[in-house]
Amino acid sequence: MSCPIESFARAGVTVEGSQRGTVILEMRGITKEFPGVRALDDVSFSVRRGSIHALCGENGAGKSTLMKVLSGVWPHGTYSGDIVFEEQTCRFATIRDSEAAGIAIIHQELALIPELSIAENIFLGNEIRQGLGIDWTETRRRAAMLLAEVGLDNDPDTPVKEIGVGKQQLVEIAKALSKNVKLLILDEPTSALNEEESAHLLDLMRKQRERGISQIMISHKLGEIAEIADDITVIRDGRTIETMHVTDHDVDEDRIIRLMVGRPLDNRFPERHPKIGDVLFEVRDWTVRHPVNTERLICKGSNIQVRSGEVVGLAGLMGAGRTELARSVFGHSYGIYERGEVLVGGRRVSTDSVPKAIAAGLAYLPEDRKTQGLNLLDDIKGQVVSAKLKKACQGGISIDWHHVRTIAQQYRQDMRIKAPSVDTPVASLSGGNMQKVVLAKWIYSDPLVLILDEPTRGIDVGAKYEIYQLIGQLAAEGMAVVVISSELPELLGITDRIYTIFEGAVTGCLPTDQADQESLMRLINPTSSRPATV
Amino acid sequence: MSEQFKQLIGGNIRQLAMVAVLIAEIILFQILTGGTVLSPQNLQNVISGNAYVLILAMGMVLVIIAGHIDLSVGSVAAVVGIVLAVLTTSMGLPWWVGVLGGLLVGVLIGLWHGFWVAIVGVPAFVVTLAGMLSFRGLNQYIGKSNSIPVPEEVRTLGAGYMNFLPPIETGNWIINSPTMLLAALGAAAVVVLKLRSRAKLVAAGASVPKAWVMWVQIVFASALLIGLGWVFATGRPGTSFPIPGLIVIVLFLCYNFLARNTPLGRGVYAVGGNRTAAALTGISVRKVNFFVMFNSSVLAAIAGMVFVGRSTASTPFDGNSWELDAIASVFIGGASVWGGIGTVGGTMVGALVMAFLNNGLQLLGAGADWTQMIKGLVLLLAVAFDVLSKVQGRPSIIGLLWKPKPKPEAEQATKEA
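Protein chains in written order, with this note's numbering: chain A, 1 to 534; chain B, 1 to 417.
Hints in this document: simulated from the structure, not taken from any laboratory.
Since no wrong hints were added, every one of them can be taken at face value.
Quick list of in silico lysine-lysine cross-link-like pairs, DSBU-like style, CA-CA up to 30 Å:
1. A:Lys-207 - A:Lys-221
2. A:Lys-418 - B:Lys-210
3. A:Lys-391 - B:Lys-194
4. A:Lys-418 - B:Lys-200
5. B:Lys-194 - A:Lys-390
6. B:Lys-200 - A:Lys-390
7. A:Lys-356 - B:Lys-287
8. B:Lys-287 - A:Lys-370
9. B:Lys-200 - A:Lys-391
10. A:Lys-390 - B:Lys-287
Which bits of chain A does chain B cover? Going by a derived footprint, with three or more residues having C-beta under 8 Å, they are:
11. 363-371
12. 390-400
Ideal Cβ placement from N, Cα and C applies to all residues, glycine included.
Based on the sequences and whatever the hints tell you, model everything.
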């Protein structure tokens, strides 16, 4: 095959000033229908050469479908409308065709093979050959060059499973760069990254823009979009609503949200009038070792108190030990317990197994609803009662499905879970509705303490607001609520108090009305010299 | 109209497809054999001759739903069979001591498998492959590779008839009364359960199908039960619905209830569907894994005893490749190879599809060569049908035949929407 790096480098530096700003991609009148649904309705959209174009819209608005049309996942003929890329009308039949034209897409769910090395992953399906075999020396050399390009200092032979999600994202970009990409599509690139990794990724995107690579970014994070995008297109209900040009990072976030949801949203966070009672949940001197690297402590004598009716945030970088703390408290389901105690309502409780933790009144909504929160083969009613099946039993033996149906129906109404019925498989729900089902499941278990790990990750603005409302309601009913979130504005918007965690240790505790992003950043990353911009 | 038809047959078309296949198959062979298939004697044969597969499959489906596999059931059944024969015939102990001894062996092997799979964490494929080899050897060691007969009472378990009430004699008919009693009880149960379920739905404020729909269902189900009862009851005098069939029905009711209505059963689905989520929901993955492996061996023990009862002796070759029959039944019955999906009822239908296929081909005089080829093909087609019908939004299989160009985008269409 041709030398991807060299040609890439050439392509990178040859963008003339005069070419910048011309249109590289134009999609005209794209309409795509699925049985019973018009997913895209006459969408038109164009990307300027060497720009970063943000695509905004709620989940289900049609962003991903549009990108699938562009990248050839939906082949030519299955949609109507034209794609003009580099002044050529394109009729992609497969993803390979679009790749050959210079369009690469990085999906939200990373498509790397965990067991293979970084170098193998980068050149997977595109191997550098030497006769019949693979030229491993050259593969490693080029992989190393690409890694340097994306700012990753790992050995190309490292298996992908050993590096974090943030670095995996960079490997994906390296993989795209190896294919001589002209237009890079990033679908929610920072949704799984912490602040620092996100900042690095955005830097990398700027660098690629300098090199003349055009980029389309799908994102929910308006802060990021404001920071980096040159143009913003808002899509709603399968239609393009508006495209705006950004000058000097001046983005009216409220306006974008309004365009996205199609109705005015006065406040991104619901108002609360907290009624805070006595200490309901307390963790003392909680110390846990890493499950594999047993020398390492992932929780270092953490102390946390949450009062009844209070919403408490846990802030920290990814890997700081927030999830680890929550999961080890919830049934010792992560790490090796060393010492520490849990008190609920002032009494010491044992939480050394998940059933015991549930019996003690704890509930934990995991960070990944699809792999940890739900059985995707089940339906809504089955999942709603799954955390406390005994409660759904007649005489303790037989599950009363009529009763279950009534209960699930109630939750569906109260929480506004958008689904045709309670028999709907949870796999067919959107992210926000799935999260509501997980929340319903824990509410059904009658918890006193509710620990929510990234409750709004990957959820659109409207559903986020509803989840915040639910959190407020539950606290108002007297629960002690703990919210783990990587988005500081969210923590500042919905909590009463915030604990900061750095490398397994609690570094501070601030009442929310006295905290701001800067003071929190200093506490969650004491080693960082500059206060990160968010 | 189609909506009412859907309500009439129960709504879940995909699950009922296999029932339709079973009925079509029986009708086909009934015609080809000139009416032999549905004769009392043949039906009794099919039930007695396949009871062991039906029993094994009930254990196997839970194992497969939980995401495992059990290759050892044939060998376990063989060990239990030989233990039963040695205890009774060689050592002269009463038959019930033999049966309890056989059950005990099943329990011990179940604990053994459960220990390795659930506690140690060895994959069930490996544990039960090891069991398949070891227990085959154990059977030959205990029986010294001989055939040993079993006593009369055990034979009754495997192929006996119910004659605890005197038959009804009217004119030319000699009717087995226990069978008719059983059928009547079954019909009564259908009526009671249907009415109760409807009352509860109404009380809960849910929408229910029209009353006539329910009554048609009730009449149809009752007529089927009474009709089948009549066929079994009016066979050769002294015969009835076979006792092994009764064992199957009792076990089926228990396991169907377990799978659908108990927290343990739901746990099996939860673990097979998403192990991590199950663990974080408070379901003991270890307990579920232990249970399914343990249970499969206990059911294999029962199957082994029923089988030697019918074949009248335990031999070193009993149980060869039974695991494959059981696994095939489970998959034909709609279970997923990846776990999390499957039903006990579907599995029973799957086992019966295979049983009648065997039987029909035998009656037609097909050799073992043809029978095996056709059985393999049926397994493949059944699962392919399942795979295709699970991909929603795609044109139906019949639609596929009509359409010259299947459109590839339909595959992910509903995921998007």
